[in-house]
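Single-letter residue listing:
2 protein chains.
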Amino acid sequence: MPYNEALKKATQAFEVYKKTTSSQRALLLRTIAEEIEALGDELLETASRESNLPLARLTGERGRTCNQLRLFADVVEEGSWVEATIDTALPGRQPLPRPDMRRMLVPLGPVVVFGASNFPLAFSTAGGDSASALASGCTVVYKEHPGHPKTSQLVYKAISNALQKCGLPEGVFQHVSGGVEVGQELVKHPATKAVAFTGSYKGGKAIFDLAMQREVPVPVYAEMGSTNPLFILPEKLKEDTAQLARQAAASVLLGSGQFCTCPGLLFVPDSDVTTPFMEALEEELSKATPAKMLHEGIAGNYYTGLGKLLKEQGVQAIVQQETDVLEGRAALARTDVQQWLQNPALQEEIFGPFTLVVTYKNTDELLAAANALQGQLTCTLWGTNQEEQLQQNLTDVLRDKCGRLLFAGVPTGVEVSHAMTHGGPFPATTDSRSTSVGVYAIKRFARPVTFQSAPQALLPQELQNGNSTGIWRTINGKLTQSSINE
Amino acid sequence: MPYNEALKKATQAFEVYKKTTSSQRALLLRTIAEEIEALGDELLETASRESNLPLARLTGERGRTCNQLRLFADVVEEGSWVEATIDTALPGRQPLPRPDMRRMLVPLGPVVVFGASNFPLAFSTAGGDSASALASGCTVVYKEHPGHPKTSQLVYKAISNALQKCGLPEGVFQHVSGGVEVGQELVKHPATKAVAFTGSYKGGKAIFDLAMQREVPVPVYAEMGSTNPLFILPEKLKEDTAQLARQAAASVLLGSGQFCTCPGLLFVPDSDVTTPFMEALEEELSKATPAKMLHEGIAGNYYTGLGKLLKEQGVQAIVQQETDVLEGRAALARTDVQQWLQNPALQEEIFGPFTLVVTYKNTDELLAAANALQGQLTCTLWGTNQEEQLQQNLTDVLRDKCGRLLFAGVPTGVEVSHAMTHGGPFPATTDSRSTSVGVYAIKRFARPVTFQSAPQALLPQELQNGNSTGIWRTINGKLTQSSINE
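If you read the sequences in order, they're chains A and B.
Here full-length UniProt numbering is used: the first residue of the first sequence is 1, the next is one more, and so on.
Here full-length UniProt numbering is used: the first residue of the second sequence is 1, the next is one more, and so on.
Chain A on its own, in the form it takes in the complex (with noise of 0.2 Å):
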């Protein structure tokens, strides 16, 4: 469908798509999560040719696609998200009586989002930005990711179907494709009142700046990538130097290092143990049986970045394996904090299984990489009980660095939940108030509107006084699921 036509239809649509209920927007997420598992085999099947991940890999995508398709039905329907909040009239307030002020957040109007190539499904056509907006009462129009053109049309099917069954008009979602001009101008279409993207630096740093380039400019929301810093204390990496290094490597090497949220920097200290915790980092990485990229154009950015950086200054390649045109080969490299600070090219994302170690000598430097980040969506921090007070430390400096600090575990694995923020400040996204994973994305497509001194009739339902679906609602500045009694 041409983009004009898109988003002509978004905007009627729209119309009728924001008086819906929550019950109504509601069903139809249930429904698309229908419609998708009715697909079956063929689905995975079509993902697994276009994208070259393996089938258990898609059949895990699928079911957290759903899952987060009926975790926004849910959160719609118990409808609190809207933050109402009433200030009743005080007629009888000095020197001037105070009206009626009832707010709460409404959707912002047509969505465009565009779909990830690692994702091809929870971060695609019925993900992650499209079940959200959908979820929050705005219209959507997809734009296909030359990825997985076939993958994309079938799951296109499920939603057309899904708002056929739910007595939806069709222009609530539509299905757009073409290059990157058809990208352009649908982010510069007067019609488009948000953008939701998740990809390169490049192509998201682009949308946004035509996106502010506007005369009427709109929120951007891309998720860019990151390079997911990891720090080791040197009493942890002492106590437990080789399952550290299969931890890690494991997170480097998970589906082909093609996570957003993957450890490109690995900081160690520079002790004792760091000779074994390399040497088990590399036996790692090189007995890693390489599985093939996304597609050539991933494969090849990956041996290029790879290749420019190995040929810094002051950089050791340690595992270095020869390239590819399809098959994402695990690679490692060392260098020290000092020359991690001098050269900025080393904070950029080498999407693929590669991980550079940097090396710290104390806590000075270390504290002193900590403070030079740039944003990231994660940064991890493995230490002991004993090192609380540099743990402490670096809390402070990297809670400002990132939207998730781990102190255990991974950053791969991003759980769909209410406390998960997959955001951070730029360049991990564009808009650090926001999230991409998790209940709070729902907000990222609404904005508040107060009614002053309305007739009941009047508002929408979670502003009356009955409170009919009780929501818990901010009344006189005190939360409550109570009615206002008339």
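The hints are simulated quantities; they were obtained by calculation from the structure and are not laboratory data.
Wrong hints could be hidden among the right ones.
Where chains are identical, the list cannot tell them apart; a pair therefore holds if satisfied intra-copy or between any two copies.
Claimed, not checked - No more than 27 Å apart at the CA atoms, straight line, and that leaves these computed lysine-lysine pairs for DSSO-like: (1) K443 x K18; (2) K443 x K9; (3) K443 x K205; (4) K188 x K18; (5) K361 x K238; (6) K165 x K9; (7) K202 x K188.
Chain A is already provided as a structure; the job is to place chain B on it using the hints.
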């Protein structure tokens, strides 16, 4: 103080200030209010000399400013604004365990605040932007407004005293003087993490553009005013012709029309009561005693804008008075919806005691006008109970055009409370997802961070198991004030 030194100190002070407890920040805000009150008549007299605003108005504005500081103190002390959200670990979950995740809002860092000429107290040095930024845990670099430098210095002194009394670094709040270039440098400086502004479209848009072009873009909350259209429905106009004219006129004239929410557009039916309505309006505006405007620049812009508008095709001057270098003399003009729809110039804000009456012939014209509106801080809709369907249709359109939609009363008078939205779609503001007045303003200066698998000792107090301050938290999807059993 040089701007770069101020930002350096603000960055250093942030490391201390971000770790203050909510009680410490509440104490600071209350102490600032006390110190402002302690300035006594000197503050009011200085502000009146610099702004031409009468003492009675400034007395009210001082009360508003101090109440605002105390309201944010209450919000911070209560503490639930941080949106603490906890998903507890599920170690036995299949196929993978769920880690413990705890999310809350944390402050962004140093915020640059630009004051407004029309509110030398409530939207300036210790105004809403500064109060909400300080409440959130951000440090502030305030750019003095050239319209009231002495007032600004006095308030700055009050804030400095409060910081000293509270044992906080002077870098928590700093005051910078200078021209447009200094403002630009403040916005462009890498240490700046967010910007707040109240003023003209030209000024706000320039700041927005600069901030988006930074290597690391930062949020800009610019409130740039609006025309605040007021719609009167046919039956309503019949019912109460003269009284509605008086009510509208009073809002147009309030403070010489120098409020962001003065109604600059009145949509009225072309009916047999249009003439008496226009006559009543004409009488009110003609007989109004003109007052000095804020400064000669504002007065100059008012008469220039007015002169330009009155030359537009199809615009008929009803009240037009001689221009003055400082006095704001009321004006009134009339056009119809067809003319208005054809000419975007008729949507431009004229800051001063003026309104443009736009007559509509029927419901279609009325809805077409509503649909053609650009983003507004407020829209007002006056109708009778008998006009409920038309009100509903207009509400469906207008709620997407503004931050606040009134069904009675006038848009001037912005309540500082929980349910207020003082914001709205571009060009009313640069970020429709926020408000610059009321409790939710604090969230502008914060972003979420998730702590995963963190030891209790490394968690912020708000996320620890024992909910020592009794804040509302979302635990496993349920709002509660309970602690977590260990």
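Here is how each hint holds up against the structure:
{"no.": "1", "hint": "K443 x K18", "in the structure": "both (15 Å within a copy, 25 Å between copies)"}
{"no.": "2", "hint": "K443 x K9", "in the structure": "within (23 Å within a copy, 34 Å between copies)"}
{"no.": "3", "hint": "K443 x K205", "in the structure": "both (22 Å within a copy, 25 Å between copies)"}
{"no.": "4", "hint": "K188 x K18", "in the structure": "within (23 Å within a copy, 38 Å between copies)"}
{"no.": "5", "hint": "K361 x K238", "in the structure": "within (15 Å within a copy, 83 Å between copies)"}
{"no.": "6", "hint": "K165 x K9", "in the structure": "within (19 Å within a copy, 60 Å between copies)"}
{"no.": "7", "hint": "K202 x K188", "in the structure": "both (17 Å within a copy, 22 Å between copies)"}
The structure is consistent with each of the numbered hints, conforming to all of them.
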